[in-house]
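J.: Since the structure of chain S is provided, determine the placement of chain B on it from the hints.
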Amino acid sequence: MADETRPGSTQGGDTAPGGDRGERRPPRSGPGGPRGEGGPGGRKYFRRKKVCKFCVEKIEAINYKDVRLLAQFVAESGKIVPRRLTGVCTPHQRRLSSAIKQARNIALLPFAGRAS
Amino acid sequence: MNRTYELMFIVRPDMTEEDQDKLISTLESAVTSTGGQVKNVERMGKRRLAYKVRKFHDGVYILLTVEGSGGLIHELERRLRVSEPVIKFLTVRIDEEQKRLNKIKAIRNARRKVSTTVATPEAAGEAPAVTA
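Chains S and B, in that order, are what the protein sequence lines are.
Start counting the first sequence at 1; every next residue gets the next number (this note's numbering).
Start counting the second sequence at 1; every next residue gets the next number (this note's numbering).
If we strip away everything but chain S, and leave its shape as in the complex, we get:
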């Protein structure tokens, strides 16, 4: 992930930590930033900034019962889609993930394979 610190990216990097900051590549710059690099197929260039669907529509409760909502975030194989592809923010991805796991346990979503 882009938030990892890079130890000593400069050559003669014995400067004070304050000085180091200038040398280190800031995490949000460049073509599309970390999201672009993490995208599929190693696309390095601009990726339109995805927004979290739950934040935008202000959906508070992610219930394990609404299968249609959950199924949007599940791949064909039944796997949970990573948030770098869907653009969901972290707290929502955590809740979504537990909701999907609950739904799987109660046979509303499959563990593997296409949802029949």
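Don't read these hints as lab results, they were simulated from the structure.
The structure displayed is predicted, hence computed values, not measured ones.
Beta carbons: idealized from backbone N, C-alpha and C, even for Gly.
Any given hint could turn out to be false.
Unchecked claim - Computed cross-link-like contacts, SDA-like style, restricted to lysine to any residue with a CA-CA straight-line distance of at most 25 Å:
(1) K103(B) x I80(S)
(2) K113(B) x K65(S)
(3) K53(S) x R79(B)
(4) K22(B) x I73(B)
(5) K101(S) x V92(B)
(6) K52(B) x R68(S)
(7) K46(B) x P13(B)
(8) K65(S) x Q20(B)
(9) K65(S) x R54(B)
(10) K101(S) x K55(B)
(11) K58(S) x K113(B)
(12) K53(S) x R111(B)
(13) K88(B) x L69(S)
(14) K105(B) x I80(S)
(15) K52(B) x E60(S)
(16) K113(B) x A61(S)
(17) K99(B) x V81(S)
Claimed, not checked - One side of the interface only, derived from the structure: several residues of chain B facing chain S at Cβ under 7 Å:
(18) M8
(19) Y51
(20) V53
(21) L101
(22) I104
(23) I107
T.: Same frame as chain S, but now just chain B:
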């Protein structure tokens, strides 16, 4: 006391309506005898299961919202486990979640009402990163 739980269980598809009612009333009496309260019973009907459960491909889903202590749930789950027609169950505790949702709603309403004046101090720091 006063924890709210949501108990969803799946019953065999070849079970009759009256047998289902009998099962539900047994559970309800178990709830009330231990001092709990049944908030809601919802039958979600027959659905296709996402995978085969005990050789069944369909099942009747029933949702029970119950208020009571933890021991009550222990008892209910024991009954569900031994009862033959129930093929799967899942218990979720929902009172914490309800508290969180109510809090967010309260903040939203307060914010809407106080829209002209300065926002309430709770709105600033309290709300978890849900609101945009």
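J.: CA of K113(B) to CA of A61(S), is that 25 Å or under?
T.: Judged against 25 Å, a Cα distance of about 23 Å means the pair holds.
J.: When you check the alpha-carbon spacing of K113(B) and K65(S), does it fall within 25 Å?
T.: Not satisfied, since the Cα-Cα distance of roughly 32 Å exceeds 25 Å.
J.: Has the given pair, K99(B) with V81(S), been kept, meaning a C-alpha gap of at most 25 Å?
T.: 29 Å, violated
J.: With the threshold set at 25 Å, check whether the alpha-carbon distance from K58(S) to K113(B) stays at or below it.
T.: 18 Å, holds
J.: Given the hinted pair K105(B) and I80(S), is their Cα-Cα distance within 25 Å?
T.: 29 Å, violated
J.: Using the nearest Cβ pair, does I104(B) come within less than 7 Å of chain S?
T.: Check passed: Cβ of I104(B) comes within 6 Å of chain S, closer than 7 Å.
J.: What's the verdict on K65(S) and R54(B), does the C-alpha distance respect the 25 Å limit or exceed it?
T.: 22 Å, holds
J.: Classify the hint on V53(B) as holds or violated, based on whether any CB of chain S lies nearer than 7 Å to its CB.
T.: 6 Å, holds
J.: So, I107(B) near chain S? Judge it on the closest CB pair being under 7 Å.
T.: 11 Å, violated
J.: Between K101(S) and K55(B), does the CA-CA distance stay at or below 25 Å?
T.: 22 Å, holds
J.: Check whether the Cα positions of K22(B) and I73(B) lie no farther apart than 25 Å.
T.: 19 Å, holds
J.: Is K65(S) close enough to Q20(B), meaning Cα to Cα at most 25 Å?
T.: 21 Å, holds
Of the numbered hints given earlier, the model fails hints 1, 2, 3, 14, 15, 17 and 23; all others are met.
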